[in-house]
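J.: Chain by chain, the residues run as shown.
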Amino acid sequence: MSTRVALKAKGGKSNRNKASAAAAGEEDGPSTVKIVKDWTNWGLHKAKVVAHYGFIPLIIVIGMNSEPKPSWAQLLTPV
Amino acid sequence: MATFVSPPASTTATQPTGLKPTVIEKEKVDYLNLPCPIPYEEIHREAFMSLKPELFEGLRFDFTKGLNPKFALSHSVLMGPTEIPSQSPETIKIPTAHYEFGANYLDPKLMLVGRIMTDGRLNARIKCDLSENLILKSSAQLTNEPHMSNVMASFDYKGKDYRSQFQLGSGALFGASYIQSVTPNVSLGGEVFWTGQHRKSGIGYGARYNNDKMVATGQVASTGMVLLSYVQKVSEKVSLASEFVYNHMSKDVTATFGYDYILRQCRLRGKIDSNGCVGALLEERLNLGLNFILSAEIDHRKKDYKFGFGMTVGE
Numbered sequence: 001m002s003t004r005v006a007l008k009a010k011g012g013k014s015n016r017n018k019a020s021a022a023a024a025g026e027e028d029g030p031s032t033v034k035i036v037k038d039w040t041n042w043g044l045h046k047a048k049v050v051a052h053y054g055f056i057p058l059i060i061v062i063g064m065n066s067e068p069k070p071s072w073a074q075l076l077t078p079v
Numbered sequence: 080m081a082t083f084v085s086p087p088a089s090t091t092a093t094q095p096t097g098l099k100p101t102v103i104e105k106e107k108v109d110y111l112n113l114p115c116p117i118p119y120e121e122i123h124r125e126a127f128m129s130l131k132p133e134l135f136e137g138l139r140f141d142f143t144k145g146l147n148p149k150f151a152l153s154h155s156v157l158m159g160p161t162e163i164p165s166q167s168p169e170t171i172k173i174p175t176a177h178y179e180f181g182a183n184y185l186d187p188k189l190m191l192v193g194r195i196m197t198d199g200r201l202n203a204r205i206k207c208d209l210s211e212n213l214i215l216k217s218s219a220q221l222t223n224e225p226h227m228s229n230v231m232a233s234f235d236y237k238g239k240d241y242r243s244q245f246q247l248g249s250g251a252l253f254g255a256s257y258i259q260s261v262t263p264n265v266s267l268g269g270e271v272f273w274t275g276q277h278r279k280s281g282i283g284y285g286a287r288y289n290n291d292k293m294v295a296t297g298q299v300a301s302t303g304m305v306l307l308s309y310v311q312k313v314s315e316k317v318s319l320a321s322e323f324v325y326n327h328m329s330k331d332v333t334a335t336f337g338y339d340y341i342l343r344q345c346r347l348r349g350k351i352d353s354n355g356c357v358g359a360l361l362e363e364r365l366n367l368g369l370n371f372i373l374s375a376e377i378d379h380r381k382k383d384y385k386f387g388f389g390m391t392v393g394e
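Chains as they are written, first to last, in this note's numbering: chain A, 1 to 79; chain B, 80 to 394.
For the record, the hints were derived by calculation from the structure and aren't laboratory data.
Don't take every hint at face value.
Keeping only pairs whose Cα atoms sit at most 30 angstroms apart, straight-line, the calculated DSBU-like set for lysine-lysine is [claimed, not checked]:
id, chain 1, residue 1, chain 2, residue 2
1, B, Lys144, A, Lys48
2, B, Lys131, B, Lys206
3, B, Lys279, A, Lys37
4, B, Lys172, B, Lys330
5, B, Lys172, B, Lys382
6, A, Lys46, B, Lys206
7, B, Lys149, B, Lys188
8, A, Lys48, B, Lys149
9, B, Lys316, A, Lys69
10, A, Lys69, B, Lys206
11, B, Lys149, A, Lys69
12, B, Lys188, A, Lys46
13, B, Lys144, B, Lys206
14, B, Lys107, A, Lys48
15, B, Lys216, B, Lys279
16, B, Lys279, A, Lys48
17, B, Lys237, B, Lys172
18, B, Lys382, B, Lys107
19, A, Lys69, B, Lys144
20, A, Lys37, B, Lys316
21, B, Lys107, B, Lys279
22, A, Lys48, B, Lys206
23, B, Lys279, A, Lys34
24, B, Lys188, A, Lys69
25, B, Lys216, A, Lys46
26, B, Lys292, B, Lys312
27, A, Lys48, B, Lys216
28, B, Lys279, B, Lys316
Build the full structure now, drawing on both the sequences and the hints.
T.: As structure tokens, then:
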């Protein structure tokens with residue numbers, strides 16, 4: 001997903017930069033497309049880290065709260 | 080496929096003896112009440128189950144501990160040489176050993192499966208029934224290395240006699256597929272996909288004919304691939320399968336024949352290939368919940384011999 005956003009935004013950003021350079025400062029420095037692209041990339045990276053560390057604990061929490069409730073000792077011992 | 084409707088009872092008395100309705104026993108096909116077909120990606124399911132068993136090399140030990148009818152933890156150890164892709168024709172193998180911890184949660188409406196390895200790779204699968212007919216499935220492989228992770232999500236809609244699916248993937252992958260039951264035994268389907276990363280798109284068609292004794296499927300794709308398979312269920316315990324793959328672009332042809340014996344104490348699957356590859360997988364049930372696995376794959380052309388053994392404890 002980030003690749004697609006990057007491909008589209010790169011075309012938009014370079015056009016905008018050319019246009020803003022030619023038109024001598026029509027809009028402010030960081031364009032909105034660049035900001036959106038940076039925020040989605042930041043969001044996706046954080047979501048990937050959260051999923052990477054949190055998915056297995058999430059399954060364990062959901063499983064330990066399902067009926068019939070297993071005990072914590074059963075989680076750690078092999079048998 | 081028009082069915083033969085028997086003549087009305089009043090005329091049977093005057094019917095000449097030479098003329099007999101031949102298919103009077105066949106039931107009339109109700110085209111408005113066809114069964115739901117199997118999903119498009121599982122169209123070759125029977126052939127793949129027989130011809131593509133999970134062959135491995137080295138030692139494998141799986142332990143599954145159920146804490147709940149719905150919740151289970153699994154520990155898995157795999158030690159053995161793994162192949163790394165190489166440009167030269169000889170295969171390069173590196174001995175590796177890893178441990179994998181997994182957790183499964185199975186509900187009628189929600190299924191969560193997660194597996195994490197010692198090198199940090201997470202393999203996650205989610206299947207969620209959003210409504211009676213709409214299913215969300217997602218699978219992800221997350222790694223610590225940048226740009227090596229991928230995620231795939233799909234929305235499946237199950238209609239009365241059709242199924243449709245829409246897929247989204249990382250790397251700007253979009254796909255859609257549709258399969259429809261045309262008669263009680265035949266279903267036809269098609270799929271399209273588009274990748275943004277490699278700027279490729281493709282379209283494919285598939286057909287499946289099945290009855291109680293056999294399954295025949297065919298699939299063509301615009302990537303130049305033609306796949307035909309035929310599975311015959313010879314008896315309750317034995318089924319034979321064959322598959323033919325032809326790739327028009329790379330001019331690769333492979334024919335595979337295989338068998339699948341499901342016996343009381345064991346399951347034996349074997350196959351032989353036109354690439355000179357012979358493989359077999361034996362799963363023997365020693366006791367309740369204790370399975371012994373032997374795997375062998377002999378590639379005569381590449382001179383690559385793989386043998387593996389293992390044990391599976393738990394369901």
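J.: Could you tell me which of the hints above the structure violates, numbers in ascending order?
T.: 9, 14, 17, 18, 20, 21, 28
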